[in-house]
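Each protein sequence line maps, in turn, to chains A and B.
Going by my numbering, the first sequence opens with residue 70, and the numbers climb by one from there.
Going by my numbering, the second sequence opens with residue 70, and the numbers climb by one from there.
Hints in this document: simulated from the structure, not taken from any laboratory.
Because the structure is a prediction, the values reported are computed rather than measured.
Please note: incorrect hints may appear among the correct ones.
Same chains, same names: a pair is fine if it fits in one copy or spans any two.
What the hints assert, rightly or not - Below are the SDA-like pairs computed for lysine to any residue, each with C-alpha atoms no more than 25 Å apart in a straight line: (1) Lys-289 to Asp-74; (2) Lys-304 to Ala-420; (3) Lys-329 to Leu-75; (4) Lys-304 to Leu-402; (5) Lys-433 to Glu-107.
2 protein chains.
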Amino acid sequence: MTGADLPHRILLGPGPSNCHPSVLQAMSRPMIGHLDPEFLKIMDETQALLRQVMKTSNRLTLPVSGTGSAGMETCLCNLVEPGDRVLVCVNGVFGTRMADIVERLRGELHTVQAEWGTAFEPEAVARAVSEVRPKLVAIVHAETSTGVLQPIEDISRIVHEAGALLLVDAVTSLGGAPVETDKWQVDALYSGTQKCLSCPPGLAPVTFGERAVAALDARKSRVTSWYLDMAMVRKYWGSERTYHHTAPISMIFALNQALKLVVAEGLEARFARHRLNQRALVAGIEAMGLSMLVKEAYRAPMLNAVRIPEGADDRAVRAALLQEHDIEIGGGLGPLAGKIWRVGLMGESSARENVVALLSALEKILKAQGVRVRRGAAKAAEAVY
Amino acid sequence: MTGADLPHRILLGPGPSNCHPSVLQAMSRPMIGHLDPEFLKIMDETQALLRQVMKTSNRLTLPVSGTGSAGMETCLCNLVEPGDRVLVCVNGVFGTRMADIVERLRGELHTVQAEWGTAFEPEAVARAVSEVRPKLVAIVHAETSTGVLQPIEDISRIVHEAGALLLVDAVTSLGGAPVETDKWQVDALYSGTQKCLSCPPGLAPVTFGERAVAALDARKSRVTSWYLDMAMVRKYWGSERTYHHTAPISMIFALNQALKLVVAEGLEARFARHRLNQRALVAGIEAMGLSMLVKEAYRAPMLNAVRIPEGADDRAVRAALLQEHDIEIGGGLGPLAGKIWRVGLMGESSARENVVALLSALEKILKAQGVRVRRGAAKAAEAVY
Numbered sequence: 070m071t072g073a074d075l076p077h078r079i080l081l082g083p084g085p086s087n088c089h090p091s092v093l094q095a096m097s098r099p100m101i102g103h104l105d106p107e108f109l110k111i112m113d114e115t116q117a118l119l120r121q122v123m124k125t126s127n128r129l130t131l132p133v134s135g136t137g138s139a140g141m142e143t144c145l146c147n148l149v150e151p152g153d154r155v156l157v158c159v160n161g162v163f164g165t166r167m168a169d170i171v172e173r174l175r176g177e178l179h180t181v182q183a184e185w186g187t188a189f190e191p192e193a194v195a196r197a198v199s200e201v202r203p204k205l206v207a208i209v210h211a212e213t214s215t216g217v218l219q220p221i222e223d224i225s226r227i228v229h230e231a232g233a234l235l236l237v238d239a240v241t242s243l244g245g246a247p248v249e250t251d252k253w254q255v256d257a258l259y260s261g262t263q264k265c266l267s268c269p270p271g272l273a274p275v276t277f278g279e280r281a282v283a284a285l286d287a288r289k290s291r292v293t294s295w296y297l298d299m300a301m302v303r304k305y306w307g308s309e310r311t312y313h314h315t316a317p318i319s320m321i322f323a324l325n326q327a328l329k330l331v332v333a334e335g336l337e338a339r340f341a342r343h344r345l346n347q348r349a350l351v352a353g354i355e356a357m358g359l360s361m362l363v364k365e366a367y368r369a370p371m372l373n374a375v376r377i378p379e380g381a382d383d384r385a386v387r388a389a390l391l392q393e394h395d396i397e398i399g400g401g402l403g404p405l406a407g408k409i410w411r412v413g414l415m416g417e418s419s420a421r422e423n424v425v426a427l428l429s430a431l432e433k434i435l436k437a438q439g440v441r442v443r444r445g446a447a448k449a450a451e452a453v454y
Numbered sequence: 070m071t072g073a074d075l076p077h078r079i080l081l082g083p084g085p086s087n088c089h090p091s092v093l094q095a096m097s098r099p100m101i102g103h104l105d106p107e108f109l110k111i112m113d114e115t116q117a118l119l120r121q122v123m124k125t126s127n128r129l130t131l132p133v134s135g136t137g138s139a140g141m142e143t144c145l146c147n148l149v150e151p152g153d154r155v156l157v158c159v160n161g162v163f164g165t166r167m168a169d170i171v172e173r174l175r176g177e178l179h180t181v182q183a184e185w186g187t188a189f190e191p192e193a194v195a196r197a198v199s200e201v202r203p204k205l206v207a208i209v210h211a212e213t214s215t216g217v218l219q220p221i222e223d224i225s226r227i228v229h230e231a232g233a234l235l236l237v238d239a240v241t242s243l244g245g246a247p248v249e250t251d252k253w254q255v256d257a258l259y260s261g262t263q264k265c266l267s268c269p270p271g272l273a274p275v276t277f278g279e280r281a282v283a284a285l286d287a288r289k290s291r292v293t294s295w296y297l298d299m300a301m302v303r304k305y306w307g308s309e310r311t312y313h314h315t316a317p318i319s320m321i322f323a324l325n326q327a328l329k330l331v332v333a334e335g336l337e338a339r340f341a342r343h344r345l346n347q348r349a350l351v352a353g354i355e356a357m358g359l360s361m362l363v364k365e366a367y368r369a370p371m372l373n374a375v376r377i378p379e380g381a382d383d384r385a386v387r388a389a390l391l392q393e394h395d396i397e398i399g400g401g402l403g404p405l406a407g408k409i410w411r412v413g414l415m416g417e418s419s420a421r422e423n424v425v426a427l428l429s430a431l432e433k434i435l436k437a438q439g440v441r442v443r444r445g446a447a448k449a450a451e452a453v454y
């Protein structure tokens, strides 16, 4: 079970991304207790690294013991009480998922919709906020189902002028594009480990600011989920160290190492790398004669929605990429199923050689399928560097 | 970050236990997508191994993407609807936790209590069942807070004669003592990975039998938790392979390998090893003049509650074990805090050399603290082998 029995994939889907060997190696550290003083040091260090990467001084910053969706559920189930008015901005799968969770929590759900593949105009959100007067507004930063990057600052101003809290989904953006938790005055934010942090899936970093913590403290009812109840989880991650549940120790080793790599590269350098590789990919895609779903101004640098050209067989193309080239890309979800491919260039996966390998392979496969594409995609991409 | 920077602990607490190097190594396998055909094969294989170890043919058998407590919450939040009458058997921390979760789910909570450190008499449960007429009865198999192993068969008969469902917590017992899901007619059962399976914490194996699945299918309300909603999770682990959330891939590699080791050793041989090492530990403890909390007939073979002798400083003893001998044991919880030590002999940690090392170290530390203990604990233990 050394990995020799598994293919080595180039992971260019919507996540997980490829992991640096040192991150995988970190999980081989010998097991240690979840209350061992040596492990508590690693917890403290991991929280400090998370604050650096999330650009926040929030004390209540920690990795939830579940994947990104557990982070979404943690933020919502702690901030939403039955009857609370919540406005969810929906322009893709993950906004839809937040709305679903709010209903399960018996929140009073209101949504504002934008077409999948587009971002929200601040005016549209302002109108909805003034109509609904919500306690909480929830929005996705980088919609993994469409590749849209949502500007947050104007939305934040609108939400706070109305006295509401702002919850941001940064699952796909964290570590690949600026996430300015404090500067943007985001009240609560969650992420995942397997996207631009290039750590295996299994943890969901979350952070809660002062106003959000005040809302937790002011709850009238207990949180429906025992497992995700921040009132208890925060005591284990805080100075009390009260046992709640056994932390996923090896996963925290991995996250610790992944965050060290992010900080060592430097956030600005990392963001620039993501932008550069996206520019190269888009140059290649357009050189082939294909087109992008999302307008340039709103493209998330780590998730590229490529329109499937006429005549191409979505599944057959993806299967050929995987089986013949060991390259994974994602298909479309919901209304975009069969209409787009989702090409992730996240963390370790965001690399020149991956861009070139994908473009060459895609060109070859499409031609073999009889789809008319122009030559020279890889060359066009190379020209960007 | 190779582990050279961390101490190598002998983990004899209530979990995590030590992991076999091949299990830690399995997590270093290169990352792969959660819908990759090669990963789907590993999922299928892991489910088949889980069924073998859980002694069940239940189709709906899978590892939940969270630690053991997430398994508890999964079973309860899927089986309990608001207003459902639930009887929880409480004789320790984990029964208490189940009761807490039932309340959060707005179930109608009833409890039957037994003194911590004792097991339930079937008659007591029978009386409670006939009074309450519950939809669901929940009970802990091996109570990690006390070291009691609860016989399940009689309870199961009583529960089913009353037409109720039986939920069993097998977090600590699975892989260390017989867990006969089908033979005992358990309707739903959850476990954790970091106890007798000797896999890092991070997954919660669960299994649902036919009657439990019928209850899931007959729900009138949606499950409060999106993340743990079996209606969706089962479609990813079933033949549909519908994306729900990104599975914790590396953790599933680890569980797969840990289960292979369990099966290779053989369940009966593994149970015998756990019993033998417990007998040796108890012989040593009693030779020292200390005593066990739980009567012999109800001792869980993997979790030993040792009464702290008069004059011993609980925390100082545990700190000395950790710092001077690299041995972790656990303290008591709740009403047993300061009164017992919890010595886990789970999975890889259940080994002759660990029993002897602990007894020698404990004798030395207690003597240094001026506690009167008899000599020859290690020798008494060795005599058992």
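Hints the structure fails to honour
1 and 2
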